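Novice: If you use the UniProt record's numbering, the sequence shown corresponds to residues 1 to 223, in order.
Accuracy of the hints is not assured; some may be wrong.
Keeping only pairs whose Cα atoms sit at most 20 Å apart, straight-line, the calculated PhoX-like set for lysine-lysine is [claimed, not checked]: (1) Lys63 to Lys47; (2) Lys47 to Lys67; (3) Lys104 to Lys63.
What follows is a list of derived Cβ distance ranges for each label pair [stated by the list, open to error]: (4) Asn144 to Met1: 18 to 26 Å; (5) Val69 to Thr164: 21 to 29 Å; (6) Ser56 to Gly107: 28 to 36 Å; (7) Asn128 to Asp53: 15 to 23 Å; (8) Thr164 to Asp54: 39 to 47 Å; (9) Ser70 to Asn128: 29 to 37 Å; (10) Glu3 to Asn152: 22 to 30 Å; (11) Phe57 to Glu108: 20 to 28 Å; (12) Gly107 to Phe46: 29 to 37 Å; (13) Ser159 to Lys67: 32 to 40 Å; (14) Lys104 to Lys160: 29 to 37 Å; (15) His84 to Asn55: 40 to 48 Å.
Hints are computed from structural coordinates only; laboratory data are not their basis. All of these numbers come straight from a predicted model, not from anything done at the bench. Where a beta carbon is used, it is the ideal one built from N, C-alpha and C, also for glycine.
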Amino acid sequence: MMENDNDEGGILQYGININVKGPYQDITTVSYKGGMLTFTKILTTFKLIDLSDDNSFGGPIPKSLGKLVSLRGLNLSHNAFTGHVPSQLNSLTQLESLDLSWNKLSGEIPPELASLTSLAWLNLSHNNLTGRIPQSNQFGSFTNSSFEGNANLCGKPLSKQCDTPGSTSRNASATSETSSFWQDRLGVILLFIFSGLGFTVGFILAVWFQSFFHIERWTHKHR
């Protein structure tokens, strides 16, 4: 799996000593691209790792998997893997199917995975992944089911949108401007009310309230 060779596709078979016709051939069933496939003849070009179905493997996913450059499918679902999705998986340029669902993976989806242009099927659902889903190349073709069950993921195809840079500061600025507007209005209203108490007393109180609001506004802006 570490050799990126041009195998012409022989069939895995073994010679046996008993009196039967022809060599013995493996038969196996694997989980691939979300379905179960049974192979009665296994081609040497078909390189796949399937460790799914409650094997209870734990710890971080080995970064050395990125060295298996001829791998076509990788299924580590329904285990207890923790840590981040290794960015080294972007070296698996022939990878067509990647299933890391139902683990305990955390952190962001590595943007390097968007370079896997052969990836036709992806499942990262039901982990603890966070942040923005990559949007380029193959990631634009995956559906909600590839990412569901990660409460802190955002971006297409999920309905939860990511905060745009600066949106928090713009909202704070808008709130500050609104508050300033109503403080100015209140100051003018108080000026007319206190004027009715008599010119001297009303003028002093109105000036005091106007100064108070200006100090409050300056303090709010410079926090």
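Novice: None of the hints should be skipped; say for each whether it holds.
Specialist: Hint by hint, here is what the structure shows:
A distance of roughly 18 Å separates the Cα atoms of Lys63 and Lys47; the hinted pair therefore holds under the 20 Å criterion. For the suggested pair Lys47 and Lys67, the alpha carbons sit about 13 Å apart, so the restraint of at most 20 Å is met. For the proposed pair Lys104 and Lys63, the alpha carbon gap of about 17 Å is at most 20 Å, so the pair holds. As the Cβ distance of Asn144 to Met1 is approximately 32 Å, the hint placing it in 18 to 26 Å is violated.
Range check, Val69 to Thr164: Cβ separation about 37 Å, and the 21 to 29 Å hint is violated. Roughly 22 Å separates the CB atoms of Ser56 and Gly107, a value that falls outside the hinted 28 to 36 Å. At roughly 21 Å, the beta-carbon separation of Asn128 and Asp53 lies within the given 15 to 23 Å, and the hint holds. A C-beta distance of roughly 40 Å is found between Thr164 and Asp54, which places it inside the suggested range of 39 to 47 Å.
Distance hint for Ser70 and Asn128: a CB-CB separation of about 31 Å, consistent with the stated range 29 to 37 Å. Between Glu3 and Asn152 the Cβ separation comes to about 39 Å, which falls outside the hinted range of 22 to 30 Å. Take Phe57 and Glu108: their Cβ atoms lie about 22 Å apart, and the range 20 to 28 Å holds. The given range of 29 to 37 Å is respected by Gly107 and Phe46, whose C-beta atoms sit roughly 31 Å from each other.
At about 37 Å, the CB distance of Ser159 to Lys67 agrees with the hint of 32 to 40 Å. Between Lys104 and Lys160 the C-beta distance comes to about 21 Å, which lies outside the given range of 29 to 37 Å. The supplied range of 40 to 48 Å is broken by His84 and Asn55, whose beta-carbon atoms lie about 20 Å from each other.
In this structure, the hints that do not hold are numbers 4, 5, 6, 10, 14 and 15, in rising order.
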